[in-house]
Amino acid sequence: MTYQELVQQIVNLQNDGLELFNVGKSVLGKNILATHIGSYDGVQILIQGGIHAREYITSLLMVEQARYLHNNNLVTNGGIYFIFLTNPDGAEIVLDGLDGIPCDITKEYITLANNGSLDFSLYKANVNLVDLNTNFDAEWGTGGQNVTCPSPENFIGFYPNSEREVLNLINITNRVRPSLTISYHSKGEVIYYGFTGESEEGLARDREIGLALAEVTGYTLIPTENSSGGYKDWCIRRFGIPAYTIEVGNINIPHPIGVEDLPLIFEQNRDVPLTALNQAIAYQNQIDIQSIKQTKKERKPSFRFFNFKF
Numbered sequence: 001m002t003y004q005e006l007v008q009q010i011v012n013l014q015n016d017g018l019e020l021f022n023v024g025k026s027v028l029g030k031n032i033l034a035t036h037i038g039s040y041d042g043v044q045i046l047i048q049g050g051i052h053a054r055e056y057i058t059s060l061l062m063v064e065q066a067r068y069l070h071n072n073n074l075v076t077n078g079g080i081y082f083i084f085l086t087n088p089d090g091a092e093i094v095l096d097g098l099d100g101i102p103c104d105i106t107k108e109y110i111t112l113a114n115n116g117s118l119d120f121s122l123y124k125a126n127v128n129l130v131d132l133n134t135n136f137d138a139e140w141g142t143g144g145q146n147v148t149c150p151s152p153e154n155f156i157g158f159y160p161n162s163e164r165e166v167l168n169l170i171n172i173t174n175r176v177r178p179s180l181t182i183s184y185h186s187k188g189e190v191i192y193y194g195f196t197g198e199s200e201e202g203l204a205r206d207r208e209i210g211l212a213l214a215e216v217t218g219y220t221l222i223p224t225e226n227s228s229g230g231y232k233d234w235c236i237r238r239f240g241i242p243a244y245t246i247e248v249g250n251i252n253i254p255h256p257i258g259v260e261d262l263p264l265i266f267e268q269n270r271d272v273p274l275t276a277l278n279q280a281i282a283y284q285n286q287i288d289i290q291s292i293k294q295t296k297k298e299r300k301p302s303f304r305f306f307n308f309k310f
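Just so we're aligned, residue 1 is where the sequence shown starts under the numbering used here, counting upward by one.
Just so you know, the hints here were simulated from the structure itself, not pulled from any lab data.
Keep in mind it's a predicted model, so treat the numbers as computed, not measured.
From the three backbone atoms N, C-alpha and C, an ideal C-beta is built for every residue, glycine too.
Treat the hints with care, since some could be wrong.
Computed Cβ-Cβ distance ranges for the label pairs, DEER-style [to be verified]:
1) Asn171 - Thr148: 23 to 29 Å
2) Arg207 - Asn71: 31 to 37 Å
3) Arg177 - Val147: 31 to 37 Å
4) Gln290 - Ser117: 52 to 58 Å
5) Val216 - Asp104: 45 to 51 Å
6) Thr148 - Asn15: 43 to 49 Å
7) Phe21 - Glu267: 26 to 32 Å
8) Thr142 - Phe21: 31 to 37 Å
9) Asp104 - Ile251: 35 to 41 Å
From just these sequences and the hints, can you work out the full model?
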């Protein structure tokens, strides 16, 4: 697959009647394509993929999820945002090499960081050699696998939220204020939940919703450990919402996972978006009920005094 073929898979959603829009641009000026399914009223969730360059299979998965939901009119309450390819520059490096980079110095810089190799099949970073999923301002720089110099993977950046692609996600998430987010990655067939400093109540909520996602996928639910700077982490820290990292693909499949594995991955994850939305709606309804009860409990009786004249 080439980078252009990957993008065309996203663009082809317009043939199904879906409207695409941009949520920003990459370092090299590529559009970050997204769509929305359902109503803009009510509970919203946000799903993003392709933040790691070699994991572009997640973008193809999300295309199939969006098409399935739209063509079957399954979203009848609330809405779902899909951000298909958060790191297009990185995906292009994996698929096409360095031909799309206009600056020779940048090409040399990336090649040097890649140990002089022109094999970029394991590349995770953006064009600035920053691992975007370590760059968010959520316990930034404290992860167990973080590195502090430019690298094809795990480089945290020179400061948090330094990358344009990270700011794109931050901006759209701040605008949407989703009730739940999912970040698609590969590989391992696991679902990570929770984050450092989250309350016991929040962790219990996240686990309960996570179990529903694990049930529909057949994946293993795992509490997060030694994670920092990820989009999931930032969403939990910033909004206190349930947020998940879902790793698709069998652990024994080599990176990058190819399109031949997409049918099984889609079968496992077909119902994830709708399950997540319904879980978020149920949780929001629970909050609303508790809020009403608390309001009634705290409400003081009011009296009207009438001045009668005889």
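Handout entry: Numbers of unmet hints, in rising order
Key = Structure breaks no hint.
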